[in-house]
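Protein chains in written order, with this note's numbering: chain A, -18 to 115; chain B, -18 to 115.
These are computed hints drawn from the structure, not numbers from a lab.
Don't take every hint at face value.
The list makes no distinction among identical chains, and a pair is therefore deemed to hold if it is satisfied within one copy or across any two copies.
[Said to hold, decoys possible] Straight-line alpha carbon distances no greater than 25 Å define the calculated DMTMM-like cross-link-like pairs of lysine to aspartate or glutamate that follow: (1) Lys21 <-> Glu(-3); (2) Lys90 <-> Glu(-16); (3) Lys48 <-> Glu25; (4) Lys48 <-> Asp22; (5) Lys48 <-> Asp85; (6) Lys48 <-> Glu32; (7) Lys48 <-> Asp17; (8) Lys21 <-> Glu45.
Every value quoted in this text rests on a predicted model; they were computed, and no experiment measured them.
There are 2 protein chains.
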Amino acid sequence: MIEITPIGRVESPLTELSGVPKQGDEGAPDALLVLDPRVKDALEGLQPGDEVIVITWLHAADREVLKVYPRGDTSRGLQGVFNTRSPARPNPIGLHRVTILSIDGTTLKVDEMEAIDGTPILDLKPVLTALDER
Amino acid sequence: MIEITPIGRVESPLTELSGVPKQGDEGAPDALLVLDPRVKDALEGLQPGDEVIVITWLHAADREVLKVYPRGDTSRGLQGVFNTRSPARPNPIGLHRVTILSIDGTTLKVDEMEAIDGTPILDLKPVLTALDER
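If we strip away everything but chain A, and leave its shape as in the complex, we get:
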């Protein structure tokens, strides 16, 4: 068993799962990443315009489901959740690729963040072009 203390939470106008776009580039709103002041030094060097991967804990997800119809599409049949980006999975970790719009202390405003208000944030990583875009 691994115990993780979130580094912060998402503040978003999204409050219901049904209103959450499936991926960030499908109309998700801007959001705030409100981080714990204790991690301030870990933000050193990040600037508006940078792309980061926000790693979240999708706390409202169903952790018992192992097969789903991806995005409601039944044409491919049921798929294992590890072959989908569905939030339903044993450990509902979310990956969100966003652009930093502004930074105020330990609060980051980002674009197109598909997570509901209150979602715990576990980690932030820079996008590496060579690694992530190849």
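Position chain B relative to chain A; hints supplied.
Chain B in isolation, oriented as in the chain A frame:
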């Protein structure tokens, strides 16, 4: 506090941190992802040749360090760990983009996996070209 039960562990010839390449495309060896049989259904649809993102818990990482010299390069000065891919960070979650070489039950052989033997696996996700390569 979030409690996570890993879905499996990495089996790798890498046993020491000093032998671990910084990114998977820099010479990391093949490895086995030995998953818990209880998640077998979640693998449905995955095939050899598929690219997946393996999400791990880098259990040997230093969780107290908030600034590092990225990859030992001092020219940019100390950087916040959220602006680096260093395993050192408050919640040492690893992202590993690999290709599935073969699947045997709930054990997946993958290429170029930069994690030491015994690393806990938290989640698997398919690579989405439109999301991850744009």
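Hints, verified against the model:
1. Lys21 <-> Glu(-3): neither (30 Å within a copy, 30 Å between copies)
2. Lys90 <-> Glu(-16): neither (27 Å within a copy, 28 Å between copies)
3. Lys48 <-> Glu25: between (41 Å within a copy, 8 Å between copies)
4. Lys48 <-> Asp22: This pair counts as between: shortest inter-copy Cα distance 7 Å, intra-copy 41 Å.
5. Lys48 <-> Asp85: between (41 Å within a copy, 19 Å between copies)
6. Lys48 <-> Glu32: between (31 Å within a copy, 19 Å between copies)
7. Lys48 <-> Asp17: Close across copies (16 Å), not inside one copy (35 Å); limit 25 Å.
8. Lys21 <-> Glu45: between (36 Å within a copy, 13 Å between copies)
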